[in-house]
Amino acid sequence: MARADKNKALLADTNPPAAEPPDRRDEGDRLAALYGLTPKVESAVIAAIESDAEERARALVGPLHPADQADLIERLPKPQAARLILILGDGLDAEMLAYLTEGTRDEIVDVMG
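Numbered per my numbering, the sequence shown spans residues 1206 to 1318.
Rather than coming from a laboratory, the hints here were simulated on the basis of the structure.
Just to be clear, a hint being listed does not mean it is correct.
[Claimed, not checked] Simulated crosslink set (EDC-like; lysine to aspartate or glutamate; CA at most 20 Å straight-line): (1) K1245 x E1300; (2) K1245 x D1276; (3) K1283 x D1298; (4) K1283 x E1307; (5) K1245 x D1295; (6) K1283 x E1259; (7) K1245 x E1279; (8) K1245 x E1259; (9) K1245 x D1257; (10) K1245 x D1273; (11) K1283 x E1312; (12) K1283 x D1311; (13) K1283 x E1255; (14) K1283 x D1273; (15) K1283 x D1257; (16) K1245 x E1260; (17) K1245 x E1255.
[What the hints assert, rightly or not] Between beta-carbon pairs, the in silico distance windows are: (18) V1314 x A1272: 29 to 37 Å; (19) E1260 x E1307: 28 to 36 Å; (20) A1258 x E1307: 29 to 37 Å; (21) K1245 x D1315: 25 to 33 Å; (22) S1256 x E1307: 15 to 23 Å; (23) H1270 x M1317: 14 to 22 Å; (24) V1314 x K1245: 26 to 34 Å; (25) E1255 x G1296: 18 to 26 Å; (26) S1256 x R1280: 15 to 23 Å; (27) A1303 x P1268: 16 to 24 Å; (28) G1318 x P1244: 30 to 38 Å; (29) D1257 x E1307: 17 to 25 Å.
By construction, the Cβ of each residue, glycine as well, lies at the ideal position given by its N, Cα and C atoms.
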């Protein structure tokens, strides 16, 4: 028994204490600010739609994840959403449709023709 106690004591001296896990509470907020649909991106898309800056609208919406594109479409008033769908045209990610509510999806499909 004495030998086992000595071994435990030796191991305790050579093993550093476990490190504290990093605090990741704010990580999601920082990442959300870097990627995805932010209020700034949403405002810029609305401004692009209203000023007929089609290339700008495509450049802003294109990099968004399909779920973020769907969220944007859901947030826009119907006329602006319809205009954005027409602006995106063939550049529209079809996966985005899967993230829309059924009612919005039906409206978008009607706009797409």
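Now the hints, each set against the structure:
1. Taken as a hint, the K1245 and E1300 pair is broken in the structure, with Cα atoms around 24 Å apart against an allowance of 20 Å.
2. Of the pairs offered as hints, the one joining K1245 and D1276 holds, with about 14 Å between alpha carbons and a cut-off of 20 Å not exceeded.
3. For the hint linking K1283 to D1298, the alpha-carbon distance of about 19 Å falls within 20 Å, and the restraint holds.
4. A threshold of 20 Å between alpha carbons decides the hint, and for K1283 with E1307 the separation of about 14 Å falls inside it, so the pair holds.
5. For the hint linking K1245 to D1295, the alpha-carbon distance of about 25 Å lies beyond 20 Å, and the restraint is violated.
6. Distance restraint check for K1283 and E1259: the Cα-Cα separation of roughly 17 Å lies within the 20 Å cut-off, and the hinted pair is therefore satisfied.
7. With a CA separation close to 16 Å, the supplied pair K1245 and E1279 stays within the 20 Å bound.
8. A threshold of 20 Å between alpha carbons decides the hint, and for K1245 with E1259 the separation of about 18 Å falls inside it, so the pair holds.
9. At most 20 Å may separate the alpha-carbon atoms for a hinted pair to count; K1245 and D1257 meet this at roughly 18 Å.
10. Annotation: proposed proximity of K1245 to D1273 holds, straight-line Cα distance about 13 Å (limit 20 Å).
11. At most 20 Å may separate the alpha-carbon atoms for a hinted pair to count; K1283 and E1312 meet this at roughly 9 Å.
12. With a C-alpha separation of about 12 Å, the suggested pairing of K1283 with D1311 holds against the 20 Å cut-off.
13. Distance restraint check for K1283 and E1255: the Cα-Cα separation of roughly 13 Å lies within the 20 Å cut-off, and the hinted pair is therefore satisfied.
14. The straight-line distance between the Cα atoms of K1283 and D1273 is roughly 17 Å, inside the 20 Å bound, and the hint therefore holds.
15. Only pairs whose Cα atoms come within 20 Å are accepted, and K1283 paired with D1257 is accepted, the gap being roughly 16 Å.
16. The hinted pair formed by K1245 and E1260 meets the criterion: a straight-line CA distance of about 17 Å does not exceed 20 Å.
17. Among the hinted pairs, K1245 with E1255 is consistent with the structure: their alpha-carbon atoms are about 15 Å apart, no more than 20 Å.
18. Between V1314 and A1272 the CB atoms are about 18 Å apart, so this pair departs from the stated range of 29 to 37 Å.
19. For E1260 and E1307, the Cβ-Cβ distance of about 31 Å falls inside the hinted range of 28 to 36 Å, so the restraint holds.
20. Distance hint check: the CB atoms of A1258 and E1307 are about 31 Å apart, consistent with the given range 29 to 37 Å.
21. Against the hinted window of 25 to 33 Å, the Cβ-Cβ separation of K1245 and D1315 comes to about 30 Å, which satisfies the hint.
22. For the hinted restraint 15 to 23 Å between S1256 and E1307, the CB-CB distance of approximately 32 Å leaves it violated.
23. Distance hint for H1270 and M1317: a CB-CB separation of about 20 Å, consistent with the stated range 14 to 22 Å.
24. One distance hint, 26 to 34 Å for the beta-carbon pair V1314 and K1245, holds here, with the actual separation near 29 Å.
25. Between E1255 and G1296 the beta carbons are some 20 Å apart, a value that agrees with the proposed interval 18 to 26 Å.
26. Separated by about 19 Å at the C-beta atoms, S1256 and R1280 satisfy the suggested range of 15 to 23 Å.
27. Between A1303 and P1268 the Cβ separation comes to about 19 Å, which falls inside the hinted range of 16 to 24 Å.
28. The hinted window of 30 to 38 Å between G1318 and P1244 holds, with their beta carbons roughly 31 Å apart.
29. As the Cβ distance of D1257 to E1307 is approximately 30 Å, the hint placing it in 17 to 25 Å is violated.
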